[in-house]
Every structure is written in structure tokens, then in C-alpha cells.
Amino acid sequence: MKHEMSSSRRRISVDLSTAEAVGYMHETMDRLNELWDSIHMGENERRDRVDRFYMHIKSLLDDMVKSESDMVRDVLKSIDEWIPFVNNLRKELKLHPFDTSHFKKGSVSLLRALNKERARLISLKTDRLKGQKELIDEAKLLSTRLGEDFFNVFGSDNEEIWNDDQLHSLQDLVTRANAKLNERIEEICQWQTDLQRWYKQMEKQAENEATETLIKLNLDDTELVISGSFMEQFREAYQMEMLVYQDWLEMAQFDYSEAWIKLNTLWEMCHIESGKHFARDFNPAIHTAGDVENIKNEVDKLEKLLVSRGEIYKKIKEWKELWTEKINYESSANDKMRYHNRGGQLQIALQRQKWIASRLPHLEREIGEANNKYAESHPNDPIILDGLSPVEYVRNIITEYKTIKELERLKKRKACHNQTLNQTGQKFKTPRKHDLPAGFATPAKTRKIDSTINRIYKMGATPSRHPLGSVFPSTSSLHSAITPVRPLACGPKTSSPKGLKKRKIL
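In our numbering, each residue carries its 1-based index in the sequence shown increased by 8.
None of these hints come from the bench; they were simulated from the model.
Simulated crosslink set (SDA-like; lysine to any residue; CA at most 20 Å straight-line):
1) K323 / S385
2) K325 / N336
3) K304 / W256
4) K133 / N171
5) K113 / R81
6) K284 / T296
7) K309 / K322
8) K322 / D394
Derived Cβ-Cβ restraints for the label pairs, each shown as a range:
9) C197 / K328: 53 to 59 Å
10) T183 / R136: 18 to 24 Å
11) N272 / N336: 19 to 25 Å
12) E384 / A287: 34 to 40 Å
13) E146 / A287: 49 to 55 Å
14) D173 / M250: 45 to 51 Å
15) K208 / Q241: 20 to 26 Å
16) I406 / E266: 33 to 39 Å
17) A287 / N336: 28 to 34 Å
18) R120 / G31: 29 to 35 Å
These numbers come from a predicted model, not from an experiment.
In this text, a Cβ means the ideal position worked out from N, Cα and C, and glycines have one as well.
Modelling step: build the complete structure from the supplied sequences, incorporating the hints.
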């Protein structure tokens, strides 16, 4: 019903247009007659002009009829040609035939629909063929690079559209081939990386032709053939080079460790600061053959230095050992157990401490004399320890120790001051002498004590005890502001070894 109403409207529209055209022709003829009347044109002339007018109209209408007839014929012809063409394309694309039931047979709307469908199918076929060709080309390239023959699909007509099963099969094949190729490339890349690192670490060039080829191989080349035989050839070369590297690494670690053990002794003997020491162990991740050679050269260098500077290094070592012993004595000065004179050990320790105190300055002078003597014979090769000459080096150790002791003293004093202030709320003050009890004498004013000790205390002998008290200076023998003073006990303070005869009392 809707279609009939649409056709009726189109018919009325055409009739109205025709009536308007006829009416316009009549108006034109009336206008022409008026023009001719104005000049009193004769009947014969008017008839000729009217005939020509209608002749032009007739010719124009005939041309229009002919043109429209040709158009109708072309429409029908195109419809007859495009319907099978479109259906064939749809068949190739695995689609159902084109549905013409919604169009009148031979209608312009059918022609337009076929034209639109034809353009769409042609574009779709072009895209499908392009994607299909790219997939085939990729499969061919993978087949070549892997050195393998795939399905017999390369002989197929590239203008023929494959069905979905064929496309899916080829896509699966390409996916597996890509994975296989990538796996081979990754494996070769790892081999290449290891070989390059090994030879760089060993600091040598590859002697095997296959190894050299593998090291220089360009894995980014898209035309590189990585066949199964290719992989086997280079796998064998890689495994051989791995054995060579492992042998070299074992020897390098042994040589490095052996040299380090020697160096450890030489560093101590030559007084080399720790900042210039080599690493304890050979690290394959960072160390190379050059590092092994360097540590060996360092051993040779220090051994030569030890020969020419041995006397100075020996004296410096002796000085440092005695200095360490001196520091240990001072560190244990506040230990009460140190003063238990079992078997005369306290006297021996004090005697040793006194000897060290006198020996250190002598050693310092001997170091300076030995260094001057060395400088005369080696003017261009001075001995430098931590940026200092040997004498400056030992003096710097003394200065640093004194500085640390002074800082500790000030720290303790400040702590004591803060504690007193927190407990009493008053600042700490040192007692003045005029506030002390009468008769108080400081140890500095007891002059006869040192001379008495020196007379009694001789090197190499254990002093005897006076019945009136100890021969060593002690605060107990001084006058004290604290009264009463406890009388001193006679006799030894500790037990003596068995079998030791009783010494005579001075």
C-alpha cells in the first residue's frame, strides 16, 4: 500500500510538470504572436516560424526519448551482468547470494544496490587477498630461514581466496615457525653473548673459524638462515669454547689467589694502605686476564721494593709492633687484674713498658737515618707511605693517637661535668689548694721517691720488699688529706712460686 502511494505521488508530480511545460509552450506562442503583431508580420512568415519552433521542440523530445531509451537499456544490461558478478564474488568470499527480492526487476534501485555491493565486495576481496599474500610470504620466509619445507601451499593461485580452514592452518603454521625461529635466535644470541664475554675476559682472539663466525654473526639480518645443521655446528663450537673458558677460569682463579696470598704478606711488610689492596677473590663477572697479570706484576714490584727498602720496612714494622704493644699497655692501665703481681709478672711488664718507651724514639731516628741513606742512592724513587715519608708516617701515627686520647679525655670530662650538674644542680669546680688541709703534698713534690725506686729497682732483677712498705711509688705512701692513713703491710702482697728461696730484706 505504501509503495502504491509513493508511485501515485510520483505520477502526479510528472503530470504537473508536463502540464506546466505545455502551458509554458502556449504562453510562449502567445508572446510570439504579440511580437509578430507589433510588426504586422504576414501569415506565411508566421507559419514558417511556428513550424521551425515545433520542429526544434520535436527534435529535442526525440533526442530525449532516444537518450532515455539507451539509459534503460544500459540499466537492464548492467543488472543482468552485475547480478552474476556479485553472486560470484560473494561465493568466493563464502557469502550467500545477493538478495534481490526487495527490489523490482530491472529497477534503478536494484542497479544502485548492485553497484554498491559490487564496490564493497571488490574492496573486501582485495583486502583478503592482500592479507593472504602477506601470510604466504611470511610462511615462505620462515621456511627459508628455518631450512624446512612447509605445507604445499606456495604453488596455489594467489588470486584465489582461501577458505577459513586453509587460512587457520597456515596461521598456526606461521605461529609455530615464528616461535621456533625466535627460540633458535635467542639460543644463538646467548651463545654469542657468552663467547664475546669470555674472549673479552681472556683478552684473546678466537682461533676457531666457527667460533669467530658466531661471534661476528648479525642476528638482525632478516635473511639469515638458521637451519638445524647451522644450530648443530655452532652448538658444538660453543661447547668446545666453554671447556676452554672453564680451564682458563680455573687457572686464573688459582693464579689470582696465589698472588693475593703473597701480596697479603707483602702489603704488611711494605706498609701498603688498605685502599690500594686488590680484591680478595677473583670475580669472573668483573675480573679479566689483565687483572691476573696486574696482581702478578704487583707481586714482582713489591718483592723488588722489599729488596731495596727492606731495612726501612723492617724498622717501620718493628716500630709499629712496639707502638701497638705500648698502646695495649696504656689501654690496660685501669685494669685491676694487671696489678696482681703473680710470679713477678708485674715487674716484668713494667720493665718491658719502660724499655719500649726508650726504644721507640731510637727506632724513629734509625728510620730517618735509613731513609736518608736510601734517598741518596734512589733520588728519583722516594718511599711514600700514605702520602708521607717514613718518619712523617710514624709521627703521624703518634699525633693521631694523642688527638684521639685528648678527645676521649675531653669527652669523659664533659660527661662527668654534666652528671655532676644533673645531680647537684651546681657546676663542677676543682678544689683550690688553700682550701685543702694543712700538710697535704702532691705527688709532684715528693722528690725522693723516684731516686729511691731507681736505687732499688735494677734492670733484670726482681726487687725485694722493705719491711716498712713497697718499693714502688704508690699513693698509699704519700701524705693524704684523708685520715687516718692505714699502715702498710710487710711482706709480699701475693704468693710466690714454690721452691723460691726467701729473699733478703734490704
